[in-house]
Amino acid sequence: MDIAIDVQNLIPSDSFIPIIPTQLTWLDYKGAMRVRWGIGRDSYRIAPGLYKVGNANSVSDIFVSANYKLSFDVLRKNLDGLNAWILVIDTKGINVWCAAGKGTFGTDNIIQSIKKTSLEFIVKHRNIIIPQLGAVGVAAHKVKEASGFRVIYGPVKASDIKAFINAGYKASTAMREVQFPIWERTKLIPVDLMHARNKLLIVLLILFVLSGLDKSGFLFIKMFETCFFPLINIVSAYIAGIVITPLLLPWLPFREFTLKGVVSGIAVTVGLNFLFDVPMSERFALAFINLSIASFMSMNFTGSSTYTSFSGVKKEMKWALPCQIIFASMGILIFVGAKLGLFSLETLYLS
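Each residue of the sequence shown is one higher than the last, beginning at 72 in this note's numbering.
These are calculated hints, taken from the structure and not from any lab test.
Errors might be hidden in some of the hints.
Heads up, simulated DSS-like pairs for lysine-lysine below, C-alpha to C-alpha not over 30 Å straight-line [as the list claims (entries may be wrong)]:
1. Lys140 / Lys163
2. Lys389 / Lys258
3. Lys148 / Lys173
Work the whole structure out from these sequences, hints included.
This is the structure we're talking about:
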């Protein structure tokens, strides 16, 4: 249970600073698991302000964090055994890295938070430690000019904080490097799976209905008899973009995520064509649709990756989105045309 204390008259007596534990509870882990699956992600936040860790006093370090609870929990867990302050910035419930890119974890917010919490009356020193991943949004000289506090950029990972402090508040080269191992990529997969589930259901519904098309019009029974191959293709392409591409990210060819997704899409498409015996027209149609879906979902992962920049993503989208639309449209036209008997790739091949 959280309690509050008066900080030895260093601030007005009616102001209280919550003491927060460094040991996470099962409720914290439960909340983290739910957020990983996209449940309540937009509301998983804590109140901005100043928090106390251990027996923090006027000479204790100040660590700046976002008000996204997952980021806050990672920080406080790694401050176990230390006496420190945590200054939480209102980032609208967005993590430090993303908030820095969007401007909510930035110079103005930090200055406002310093003034609002009266930090100058709480500590004797004039230093704040900001996560390395938040550096892109912070102009250290402006923070110094407006608040009097000097910005110190901490390590990329909160787990390196103690080593960072012991090294005299200096980060080694390893502490500055952003790693994106397979475990970190795996943790991001569930939220992406859930995020686009409604779009997936819409596409599945469309292909399910189109499966009932016939030369004579629409046959309800045919919709059920022939829908399995189209639906398994769509689901496989979805998984290729959201699961296979992130897992194999460093080993897939090409720099662009769109093309990485194309490789994953080709792999699942070829595999399914070996497993099922269906008309050639349907194979080609679904191949076009698969590549469109797999590449599009892979491109979405750029927002979760350390491999790309915002400008790079914008540049990629300019040519990738039109191509994906064209491929999807071609696939649907071929699928519908073949179902209605307007043409047959088998006939063209045999002729």
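Here is how each hint holds up against the structure:
1. Lys140 / Lys163: 11 Å, holds
2. Lys389 / Lys258: 29 Å, holds
3. Lys148 / Lys173: 26 Å, holds
When each numbered hint is compared with the structure, no violation occurs for any of them.
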